[in-house]
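> Here the protein sequences come in this chain order: C and U. Positions in the first sequence are counted from 1; adding 4 to them yields our numbering. Positions in the second sequence are counted from 1; adding 12 to them yields our numbering.
Misleading hints may appear alongside valid ones.
[To be verified] Computed footprint of chain U on chain C; a stretch qualifies when at least three of its residues, placed anywhere within it, have a C-beta under 8 Å from a C-beta of chain U:
{"id": "1", "segment": "118–131"}
{"id": "2", "segment": "169–175"}
{"id": "3", "segment": "214–222"}
{"id": "4", "segment": "248–255"}
Just so you know, these hints were derived from the structure itself, not from any lab. Here a beta-carbon is modelled for each residue, glycine too, at the ideal position from N, C-alpha and C.
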Amino acid sequence: MKIALCVKQVPDTTDIRWTENNTIQREGVESIINPYDVYAAELALNIKSEISDVHITVFTMGPSQAEDMLRKVLALGCDDAVLVTDKKFAGSDTYATGLTLSRAVRTYLPDFDLIICGQFAVDGDTAQTGPNIANFLDIPQVTYVKTFDSCENNELYLTRELEDGIEKVKVSLPALLCVLQRDIEPHRATIRGVMNAVKKEIKRCTISDINLSPENTGIKGSPTYVSKAFRNVSSHKAEKFTLSTKDSVQLLNEKLKSLGVLNNV
Amino acid sequence: MSEVQYSGILIYAQLTRELYIHTVFFELLDKAKELSQKLGLVDVNAVIFTTPGLIDEYKESFRNKGVNKVYYFEDERLKDYSTEYYSKLLVDLTGVIKPEILLIGATNQGRDLAPRVASALHTGLTADCIELDINEKGKLAATRPTFGGQLMATILCKTYPQMATVRPNVFKINLNDNFFETEFVSCPVNLEGMEPHVKLLEFKRTVDSVINDLDSAEIIVTGGKGLKNDKGFELLRRFASSIGASVGATRGAVEMGLASSSIQVGQTGKTVHPKVYIACGVSGAIQHTVGMEGSDYIIAINNDENAPIFDIADCGIVGDVFEILPEFINQNKS
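Chain U on its own, in the form it takes in the complex (with noise of 0.2 Å):
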């Protein structure tokens, strides 16, 4: 494979369930721009799979944002995602277009399509990364955090497009306008010969997801083992209440039962940055912490005063929670 051949950021524009260009996609754009001018401003491309018809009502989302063409496969069978069916169109345009680079969200789907592609394309996969740039040999230097978050490593692949799958939430959007056209180009559908063998039959949100926005959420209040029972975390839902704040749980947490992997906060959960995150009754095993030291502010309410929790923790305050929150709610009962 002659990489001078290959050439460009292709960026997967994926849909939620509600049919909205998830954000992940415009934070990737942020930082695919960023990479561009390192290459030498090379074309930052998108692509989505989207059904008959609906393709205008995504044009403005990218429009004077610097995409230079969108990439859309359109096709009743493309309604619900599929694994089958949206790697092999995606494969198909990759050998067609050849980007340097192919970016996918970190999400749930994100993570089942991109090792499905870069196995098809024989070529390298970085996956949930924190941080992309550009090395001296103008290659993608994909970093990501590894055994449960205690060593970064940074990868680099030799094959081409270079993948990586980077999480929600870990670059920030600032996209500034650029008002150059956009070009819209449709691909062809071909799936001729192909039945899907997985059916979604029923799908049910969570309650957890609706109620809560830890995406976008300026403050965060997260608990852990310490909060030991479903009382422990009424409280915390209680305190929550009192300052505004969104819950998190602590995969330990969700283990115990005592909330919803939804708003598990940490490597295999979600990564955060709030202005103010407050751990409450949280160890801080670096499995959670790598997901919400980016957080600006870290306050920490436990009663080990050895918990890893307070190394990271701009305020640490050591001491019960099921003394100090009840206290708090009462003394800030309006």
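So here's chain C without its partners, still in its complex pose (with noise of 0.2 Å):
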């Protein structure tokens, strides 16, 4: 089975800082990996244990210091990666990164049977380019994905967690997977994983590699753009007591009595 795995990273979201075009400033400002996107490693590397004959390519579209990124995620056992990588391409909305990174799966990957995302990105949130991908693959998804239950025939058995429940799915392949994060630890990298990690390639892309347009991609490929960027402010008085707990539990009733929810009772 081959699997495309797709990761992004996401500026420390205490350290944010705009350009002029009010896109975000990514050179230096320090980089994690999108918290989210751990768990579509894991959840590629579950498959990988659990199956035989699996390969997972690791793709990333971002600045050329996303490398490093790549080293950390095939340091886990991933086998290669391919960073999609173009001056051209910054500003993309999610449009435009679905567009891009979809013909980085077909140049790359071109017989892949699944491609795993995070379910979110904690930068911009929007949930939305895995299913760009898989619309512009034209092939299924899944989102909201917990656990990968087993394969069988082709067939992938999954676990969604919704607002209203948990979901058993089976999905035939191709499909695209958006993952949620898990209360488990992640794996980790061993010494061995990153040391073989050194040793593994990782295969830039740029624009000409995957027959796309300069229209198609990057600000002029995106169909949104920031406006305006300002911050969030609290109407809320913030006033603050530090009392005895005696006080405090009086001042709790007090309150709930003026606010009428303890007359409610």
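Join the two chains into one complex using the hints; note that each chain is given alone, in its own frame.
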């Protein structure tokens, strides 16, 4: 089985800078792997440990510095990687990113069986790139995937976690999955894994490699743009009391009475 | 694409698993009417996917609420939500009626459907908006939190339809009666040659979503990592029941396994705006506060006086939840 694992390097969200065009300044900002993508990798590695003959190619779109992150993901036990990088990709929204990544997967892993992404990226939190890739490759998608349960006859059995409950589904391959975070400690790289990762190949993919016109990617290829970005300010009065337990309970009682909460019961 | 031929607002009326029209539709409908006025009273239309014979059940829900047309697809194959079927038909409809704005609730289903439809239509989509407006050029200005809620971004779309998803419970419903005829339009279900690749095998409702209804709760008590363990959460539940509140949890508490993600409040969970919100052992990460800042009155109890939750609480109590809550429950035993 050939798996394309799509991961994203995200800026540390405590240190945000914007460019003059109101796009996010990525250079010079501390970067981490998107936490959801850690669990996308976990799911891919889980499949690899359950089924024989699984090959995982990691894809990411971003600046050159994303190569460090790719090495870390390779060290977990993935096989090779493609860094989709070109100045012309800069400023892509989710539509342009989905199109660009779908072209990269089609070019570098044309016989893929499965694409795995994180459900959200913690910077944009749009949850759109995965379904966009699936649309451009005309394959089914399963979002909000919590676990991989089994694989039989070219069909994956999966558990989804939704706002109202848990779904068990099956999907025939090829398909794309968007994976949620889990409350388990993810795989860590072994020393052997880190050493092996150094030797693994990271291909570089530019715009000319995937037959994409500059009109269809980056800022030009993005149907949406940020017109204004501003800080979120609270309208709540920040009043703070440090009292004894007895007085704290008293205060809580009074507040809840004045708000009509305690009279309700 | 000429913008002249695109007109009106189309809203996706999602059906819940129990076959009710999701309340987010009515929230969007109210907002859409406001947008329609700013656009010079363009049509506000709805689209619904249902099974044969059921549309009559819904007609009353749409009437007198200011919906011009309800486009409906009826087919046995549409009984359960299917990304492939629903997106195909919604793309078909959009191609015919050409709305300038397409709004979808940012439920799990909406966030599965909307990006698929947007990319198939080669148009832009702004996810998880908290405000929608029309700018001076008559374009949809969609505002959403980014970077864990630290920044708000207002996003415009160069293509049509301009698409947005909006979380449930962000817009309040105050539907006034509009006494004009709503037209119901049956749409052709063209799914020839399509076979669903995804099959639903089993659904199990999570317990918390039955006993909890955070969307409509007037009082919410939320627990964070400061509750430490199951015992802490049990204490929180007792506190909640002593004042008739619903229980919520932060992402941290959910990740620690103390609560189900179905009651998670925050950017990756629910958005709530109860009359009173009581955060217990909640540090106040922006990821969380973006989902509850709209509450009318916020009380926070935390033993860390520097916790950021105090910056947005109307009443902050610096203290130990393990001392304050038991004492409170004790005093309020009837």
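> Evaluate each hint against the coordinates.
The hints, checked one at a time:
{"no.": "1", "hint": "118–131", "in the structure": "holds (count 7)"}
{"no.": "2", "hint": "169–175", "in the structure": "holds (count 7)"}
{"no.": "3", "hint": "214–222", "in the structure": "violated (count 0)"}
{"no.": "4", "hint": "248–255", "in the structure": "holds (count 5)"}
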